[in-house]
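Protein chains: 2
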Amino acid sequence: MQSPIQQYLDSVHERLFDVHGGEQPQNNPSLAEADPDLCGLAMTTADGYTYTSGDAEVPFSMQSISKVFCYAIALQDRGFRFMDAKIDVEPSGSSFKDLSSEANTGRPKNPLINIGAIAATAQILPDSDGEVFDKILRVMSDCAARDLEVDEVSYEADRDGGMHNRALSWFLASWGIIDGDPLPAFDDYSRQCAILTSAKDLSIMSATLTNLGVNPVTGKRVFSRQVAQRVLSVMLTCGMYDDSGDWVSSVGMPAKSGVGGGIISALPGQLGIATYAPPLDQHGSSVRGLAAHRILSRDLELHFVRTSKAGLSTIRTHDTIDHVPSTTRRPEAAEAVLAEYGERAHVLEIMGDLLFSGIEVLSREVATFDRNTVCVVVDLSRADHIAEVSVKAISRLAAALADVDTALGLVDPFDRLANLLVPVDMRVEIFEDRNDALSWAEDQILRQYGDEDCFPDEAISTPVLLEGIDEKIREKVVSLLKREEYDTGDIVRKVGDEFDGIRFIVSGEVHTLNPEDEGGDVNAQLVAGMSFGELALNETYHQPFDVRVAEPTVVELLSKSAIEKLENSDPEAAAMLWRAIAVEGYIRLGQVMRGVN
Amino acid sequence: MQSPIQQYLDSVHERLFDVHGGEQPQNNPSLAEADPDLCGLAMTTADGYTYTSGDAEVPFSMQSISKVFCYAIALQDRGFRFMDAKIDVEPSGSSFKDLSSEANTGRPKNPLINIGAIAATAQILPDSDGEVFDKILRVMSDCAARDLEVDEVSYEADRDGGMHNRALSWFLASWGIIDGDPLPAFDDYSRQCAILTSAKDLSIMSATLTNLGVNPVTGKRVFSRQVAQRVLSVMLTCGMYDDSGDWVSSVGMPAKSGVGGGIISALPGQLGIATYAPPLDQHGSSVRGLAAHRILSRDLELHFVRTSKAGLSTIRTHDTIDHVPSTTRRPEAAEAVLAEYGERAHVLEIMGDLLFSGIEVLSREVATFDRNTVCVVVDLSRADHIAEVSVKAISRLAAALADVDTALGLVDPFDRLANLLVPVDMRVEIFEDRNDALSWAEDQILRQYGDEDCFPDEAISTPVLLEGIDEKIREKVVSLLKREEYDTGDIVRKVGDEFDGIRFIVSGEVHTLNPEDEGGDVNAQLVAGMSFGELALNETYHQPFDVRVAEPTVVELLSKSAIEKLENSDPEAAAMLWRAIAVEGYIRLGQVMRGVN
Chain C
1 MQSPIQQYLD SVHERLFDVH GGEQPQNNPS LAEADPDLCG LAMTTADGYT
51 YTSGDAEVPF SMQSISKVFC YAIALQDRGF RFMDAKIDVE PSGSSFKDLS
101 SEANTGRPKN PLINIGAIAA TAQILPDSDG EVFDKILRVM SDCAARDLEV
151 DEVSYEADRD GGMHNRALSW FLASWGIIDG DPLPAFDDYS RQCAILTSAK
201 DLSIMSATLT NLGVNPVTGK RVFSRQVAQR VLSVMLTCGM YDDSGDWVSS
251 VGMPAKSGVG GGIISALPGQ LGIATYAPPL DQHGSSVRGL AAHRILSRDL
301 ELHFVRTSKA GLSTIRTHDT IDHVPSTTRR PEAAEAVLAE YGERAHVLEI
351 MGDLLFSGIE VLSREVATFD RNTVCVVVDL SRADHIAEVS VKAISRLAAA
401 LADVDTALGL VDPFDRLANL LVPVDMRVEI FEDRNDALSW AEDQILRQYG
451 DEDCFPDEAI STPVLLEGID EKIREKVVSL LKREEYDTGD IVRKVGDEFD
501 GIRFIVSGEV HTLNPEDEGG DVNAQLVAGM SFGELALNET YHQPFDVRVA
551 EPTVVELLSK SAIEKLENSD PEAAAMLWRA IAVEGYIRLG QVMRGVN
Chain Y
1 MQSPIQQYLD SVHERLFDVH GGEQPQNNPS LAEADPDLCG LAMTTADGYT
51 YTSGDAEVPF SMQSISKVFC YAIALQDRGF RFMDAKIDVE PSGSSFKDLS
101 SEANTGRPKN PLINIGAIAA TAQILPDSDG EVFDKILRVM SDCAARDLEV
151 DEVSYEADRD GGMHNRALSW FLASWGIIDG DPLPAFDDYS RQCAILTSAK
201 DLSIMSATLT NLGVNPVTGK RVFSRQVAQR VLSVMLTCGM YDDSGDWVSS
251 VGMPAKSGVG GGIISALPGQ LGIATYAPPL DQHGSSVRGL AAHRILSRDL
301 ELHFVRTSKA GLSTIRTHDT IDHVPSTTRR PEAAEAVLAE YGERAHVLEI
351 MGDLLFSGIE VLSREVATFD RNTVCVVVDL SRADHIAEVS VKAISRLAAA
401 LADVDTALGL VDPFDRLANL LVPVDMRVEI FEDRNDALSW AEDQILRQYG
451 DEDCFPDEAI STPVLLEGID EKIREKVVSL LKREEYDTGD IVRKVGDEFD
501 GIRFIVSGEV HTLNPEDEGG DVNAQLVAGM SFGELALNET YHQPFDVRVA
551 EPTVVELLSK SAIEKLENSD PEAAAMLWRA IAVEGYIRLG QVMRGVN
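Respectively, the protein sequence lines represent chains C and Y.
Residue numbers for the first sequence, in UniProt numbering: 1 to 597.
Residue numbers for the second sequence, in UniProt numbering: 1 to 597.
Rather than coming from a laboratory, the hints here were simulated on the basis of the structure.
Among the hints, erroneous ones may be present.
[Stated by the list, open to error] Quick list of the computed label-pair ranges, beta carbon to beta carbon:
id, chain 1, residue 1, chain 2, residue 2, range
1, C, 226, Y, 49, 53 to 61 angstroms
2, Y, 404, C, 485, 28 to 36 angstroms
3, C, 179, Y, 318, 42 to 50 angstroms
4, C, 153, Y, 294, 41 to 49 angstroms
[Stated by the list, open to error] Here are the simulated lysine-lysine pairs, PhoX-like style, with alpha carbons at most 25 angstroms apart:
id, chain 1, residue 1, chain 2, residue 2
5, C, 472, Y, 565
6, C, 476, Y, 135
7, C, 565, Y, 476
8, Y, 472, C, 565
9, Y, 560, C, 472
10, C, 565, Y, 565
11, Y, 472, C, 560
12, Y, 472, Y, 392
Ideal Cβ placement from N, Cα and C applies to all residues, glycine included.
Take the sequences, apply the hints, and build the full model.
Written out as structure tokens, the structure is:
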């Protein structure tokens with residue numbers, strides 16, 4: 001099957017041939033002589049995959065699209081305060097050739113009109129081993145994920161014919177925006193405009209901005225997040241010259257065009273888009289390129305008003321621990337305490353993002369809990385988009401809860417909070433597994449309201465499963481048990497093993513492993529009093545999980561043959577045993593089903 | 001516990017008292033005499049909850065904030081084409097008093113400078129039973145969720161002192177932007193600026209825009225989605241006058257200020273924010289208000305570059321149906337076919353949003369499946385933010401799959417696709433329940449590769465549970481069964497009922513209901529061959545789910561007393577029966593556990 005995204009992009013490419021008009025600049029032979037029928041589209045995703053359609057690998061000169069990246073380099077080199085003193089970030093509402101500077105200081109209105117771009121280029125610092133332009137070409141190559149080159153013909157035409165830009169450069173020197181001779185900056189500016197890129201290159205360069213400074217193809221950080229954010233903001237308000245307002249209203253993405261026929265647009269966090277088609281409208285933007293970005297924005301709903309999170313965060317479920325118990329088997333005394341006080345431990349599951357709106361909804365709900373609340377578990381398994389702001393907000397929530405002596409536990413199975421490297425309030429307990437968090441919440445209740453009977457002994461004499469059986473029969477069953485000892489790392493049962501009996505854990509701990517996961521993720525932790533092996537009674541699937549020993553462990557095996565012997569010698573006892581096994585099975589099924597819903 | 005969001009907002013409010021400076025307009029007594037120490041904040045969420053801090057209910061005149069809403073009303077009344085011919089949407093880069101109109105036509109640069117706002121007000125059509133201003137006040141009241149009033153003192157001061165605005169009005173008339181006498185428009189404009197709102201009102205009004213036209217407090221649609229999107233776009237580029245570029249760079253939200261001391265900002269889809277603090281800076285914006293919006297944007301990461309979805313969509317799991325079977329019990333022949341061909345049915349679970357990036361990741365994966373693929377199940381249970389664009393993209397995916405004879409099933413438990421009211425490709429099967437979708441996928445495989453032995457009879461003579469038992473004993477058990485008949489809607493078992501036996505379904509269908517859900521959501525559908533009642537063997541919880549009859553149903557009851565009789569009279573048979581019950585229990589436990597992982 002061909003990707004429907006590719007099919008869609010090809011269909012957009014095809015529709016562009018119905019779009020006509022526009023002219024090519026005559027003052028630059030490279031631009032004048034470009035084939036007017038060339039038309040290429042490219043889109044690069046946040047994970048570095050590029051879709052292309054049409055002439056997406058034909059190189060052409062970047063022209064004004066270079067302004068975006070030179071401004072970014074200058075910001076990175078000089079910092080915001082320095083650059084803001086040189087160049088403002090206000091839309092000029094005028095054409096790219098305008099002399100839009102402040103009346104008193106000469107400060108250019110923004111870095112995306114020619115005068116501002118020349119001023120920005122002049123601030124770029126060379127690498128220690130080269131010239132300013134080497135730095136420009138290197139960083140742009142980092143953005144494109146390949147080594148870029150310069151179109152010398154285009155460069156010479158702009159250098160020799162760029163009277164207007166020479167004038168702007170001298171104005172900048174006269175106002176002190178450029179220190180001393182402005183011609184090196186003019187030269188670098190002319191040369192950067194002549195850097196050859198294809199639509200594919202530009203889509204990757206744009207994606208480096210949308211990806212907040214990290215090239216999604218190479219993984220290399222090229223600009224800081226702050227620089228990328230600033231550049232995208234300026235592209236949004238100033239990127240399309242005197243057409244910016246209409247562009248924001250109808251397309252709603254940061255963008256930049258060049259008279260080389262290229263246009264880039266950028267959907268923050270998601271996509272870099274680039275087009276190439278030489279004929280230009282009266283604003284100097286590619287006619288077919290504009291049409292392509294408009295179509296893509298409309299069809300794929302890329303306008304910033306639409307792509308901003310729709311505040312869909314909701315509390316998917318809200319229960320108390322007595323309604324959603326963990327699968328941990330507890331002594332009867334503990335079960336009674338949990339039945340009475342379990343409503344003081346709340347379990348909330350968040351669905352949607354965990355940016356402001358998610359935290360807000362959560363905070364509002366938690367604020368309604370009464371003062372007896374012992375702990376709150378927030379399950380983030382289904383939460384999307386966890387950011388640094390989420391961590392700060394969670395820490396605020398933890399502090400507010402600590403003020404009323406309530407503990408906070410979080411379920412974060414993908415380590416997303418930890419990966420953000422922002423310190424979380426020490427009073428938050430983080431669990432990879434929902435069941436562990438539920439078990440922790442139960443322990444909180446038991447520690448507050450239970451006594452020692454609520455906590456199991458380290459070593460268990462009577463397995464839970466056998467507790468309900470008449471004492472005489474239990475003794476008979478216990479006499480059939482065979483002791484086994486295992487060391488850490490032993491595999492007691494393997495996927496596919498046939499049923500060979502039931503093992504009761506006397507002491508130690510074993511883990512069942514998730515078969516879907518090659519890393520052998522732990523599915524469940526079984527401790528003293530619990531049993532395993534019964535699942536292999538399924539004659540189609542047999543043993544469904546590997547069982548691995550987590551610490552030196554002693555088990556008592558009630559073997560298949562011992563059970564058969566009992567069936568023959570004492571069917572009454574066998575019936576009671578099978579009844580107990582059945583009851584245990586349905587207790588566990590009920591627990592898992594409650595956990596699922 | 002106090003909401004941490006409230007605590008946070010109060011802390012921002014407190015920090016504002018360290019912000020000083022600014023002056024109040026002297027040409028309007030209402031503004032000149034306002035207490036300079038008043039300071040109020042308000043935030044309204046997408047679901048209509050409003051947080052306030054400080055003087056958030058003190059009324060003051062909207063002034064220029066009204067321009068946003070009058071432009072929206074005019075757009076709603078006249079349409080985009082008509083309004084765009086009258087007023088452009090380009091940033092003026094100049095102050096609010098500027099005469100920023102096009103040289104040849106007089107068309108104002110945008111609707112948020114005075115000349116553009118007067119031009120917009122002039123286009124508003126009155127309701128059939130009133131004047132233009134009645135309409136303005138009514139719609140603004142709809143946005144604020146209460147009846148607003150006019151500050152007559154402020155109105156008269158602006159009407160009598162508004163020389164500059166009178167001049168602008170006459171210019172508009174001279175250029176034909178206003179037809180005939182411009183003074184009624186001038187009068188309406190002056191009066192709308194004097195509408196009294198509090199920070200709380202304004203935050204709800206702003207939230208009506210961010211909520212794409214629907215007032216989140218009342219649920220009333222005030223503007224179309226297109227109008228709200230356009231207004232938010234124009235606010236972003238033109239809302240802060242000659243400070244717009246800096247605002248976009250540093251705050252990154254659509255916003256509008258008024259000389260009454262108010263500022264609104266808008267986080268699309270999430271939040272309306274409003275502040276009130278009278279002293280103004282040289283641009284005419286509230287000094288403390290600006291500080292507040294900057295602090296909120298930074299702390300809560302509300303900048304558009306940050307809030308746009310971060311493309312985190314991922315395929316959380318990718319399995320084939322042989323690894324994630326449904327819980328439907330199948331004949332042995334079917335199990336064999338599913339074991340052999342199950343890898344031709346793929347099951348993908350999406351996590352994150354289903355906007356472009358989600359569909360893109362999904363499409364890319366599906367495009368790699370080989371040509372033998374029979375069907376694909378896409379589980380959207382954990383997907384966030386499903387929009388109209390998602391439906392279109394799913395339809396494109398379905399069409400691409402249909403081209404290679406592959407069926408597409410979707411799991412959408414919250415009916416989110418259906419609620420969008422956009423037609424989905426007819427070839428997509430939508431399921432509320434993941435298990436139903438898995439069962440459908442199995443049926444697809446069985447229909448292609450299985451024979452009639454793979455499908456169970458409509459009515460079952462031997463319950464699945466008893467199939468494995470020795471025939472003689474089975475006959476004995478069957479002789480103990482008691483036939484029961486139920487009608488649609490009957491509740492056979494209620495939560496908490498003690499174990500009274502096991503019911504085998506002979507024909508018909510029963511549903512187990514989710515006890516967490518008051519609506520009685522269906523948990524599982526049980527049909528002929530299946531049994532229920534065993535879960536009540538848990539002596540702590542007893543029967544965990546209500547069981548409701550979905551269509552006329554016949555069951556055979558193996559009652560608790562019949563089992564006890566068997567235990568006494570024929571313990572060997574009882575042992576085999578309990579063994580069968582135990583095996584069935586562990587088969588079901590294994591199924592549910594596989595489904596969970």
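Item to check | Broken hints, by number | outcome: 1, 2, 3, 6 and 12
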